Amino acid sequence: MKTILQNINKVFDNRVRLGIMSALMVNENLDFKSLKKLLGVTDGNLASHIKSLQKAGYIVVMKQFIANKPNTSYQISLEGRNAFKKHIDALERLIQLRNK
Amino acid sequence: MEEKDYLQDLSAIKNMMNRSSRFISLSGLSGIMAGSYALIGAWFARSILYKFKHGISYRQINYLTNELWFIAIAVAVFSILTAYVLTSKRAKKNGEEIWDVSTKNLVVAFLIPLLTGGVFGLLLLNQRYFGLIAPITLLFYGLALINASKYTLGTVKYLGFSELILGLLSTYFVGYGLLFWTLGFGVMHIVYGTIMYFRYEKK
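Protein sequences, first through last, are from chains A and B.
Counting from 1, one number per residue, gives the positions in the first sequence under the working numbering.
Counting from 1, one number per residue, gives the positions in the second sequence under the working numbering.
Source of the hints: derived by calculation from the structure; they are not laboratory data.
Just so you know, these numbers come straight off a predicted model, no measurement behind them.
Beta carbons are placed, not taken as given, at the ideal position from N, Cα and C, and that holds for glycine.
A portion of the hints provided could be inaccurate.
To be verified - Where chain B lies over chain A, by a calculated footprint (3+ residues, C-beta under 8 Å): (1) 32-42; (2) 49-56.
Unchecked claim - Some chain B residues close to chain A (C-beta under 10 Å, calculated; not the full set): (3) 6; (4) 9; (5) 15; (6) 24; (7) 94; (8) 97; (9) 101; (10) 201.
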């Protein structure tokens, strides 16, 4: 039980961050606008959660120009992918334990 | 944290993964409509072809191909229009964007095999391989559906497999193109459209 709880990641203990990670797990990359539409949050809220995930090293920022316009998109890092998988795994095992 | 929270977290993760990568508002009803247009088109095509059952002169070939082209284009235009209207209506109801990342992926994945098959078919027509047109269109349409199915409802994949089987069968039974076309674009659309309608829409 204790070891499972250690795998519950505090960084993902928030709906917006959970949503960002889930969306980036199944999309190669997503830009700010798409993430905002998916999550239905404000610019400032989204930006602050992106920053904390970036600080944890779970997502990488890619800046590029599309048709001469700056475009920022986000990609999940290998570290983030592994951490998120571990987190999902821990959630599933906790639920299984309680159901016993 | 309570157990309920864990469960909610898991379902939120699953929900977001689906919503961000799959377009779920594809209308089954539009499949049924497209199938019906195809059946009507096939009926017209058959009655035109029937006129020439005792052979055809060189000049009549032009008339015949023009008529058949007209039917094919009319069926395609009506089907696409209906699909667009019904699907955007459903997207609005589901609060889903009609033009976002998942629909862009969907359209690109669908069009690559479809356009390749379309150009291939036109090149075959140019070489007068008329018998291979039905198999080619069915095969490439099936591949397009399977390719696009990872961005939308899973049922689309099975429709794709059915088109592939029909495409291969019609390659073996060359000369029955219209029959296989009617099955593939008419009957199959109605069958799978009905499955999708009852599985996802009628709630």
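How about residue 6(B): closest beta carbon in chain A under 10 Å, or not?
Nearest chain A Cβ about 5 Å off; hint holds.
When the nearest CB of chain A is found for residue 101(B), is that gap smaller than 10 Å?
Holds. Min distance 5 Å.
Can you tell me if the segment 49-56 of chain A counts as covered by chain B, using C-beta to C-beta distances under 8 Å and a minimum of three residues?
n = 0 at 8 Å, threshold three: violated.
A closest beta-carbon separation below 10 Å is what the hint needs, so does residue 9(B) meet it against chain A?
6 Å, holds
Under 10 Å is the threshold here; is the Cβ of residue 94(B) close enough to any Cβ of chain A for the hint to stand?
Since the shortest Cβ distance to chain A is 14 Å, the answer is violated.
Could you check if residue 24(B) really has its C-beta closer than 10 Å to a C-beta on chain A?
Result: violated, 13 Å to nearest chain A Cβ.
Return the status of the interface hint for residue 97(B): holds when the least beta-carbon distance to chain A is below 10 Å, violated otherwise.
6 Å, holds
Just to make sure I understand the rule, a stretch counts as covered if three or more of its residues have a C-beta closer than 8 Å to a C-beta of the chain. Does the segment 32-42 of chain A meet that for chain B?
Our answer is that it holds, as 3 residues pass the Cβ test (under 8 Å) against chain B, meeting three.
Go through the hint on residue 15(B) and say holds or violated, using the shortest Cβ distance to chain A against 10 Å.
8 Å, holds
Hint residue 201(B) vs chain A: min CB-CB distance below 10 Å?
23 Å, violated
This entry does not satisfy hints 2, 6, 7, 10, going by the numbered hints stated previously.
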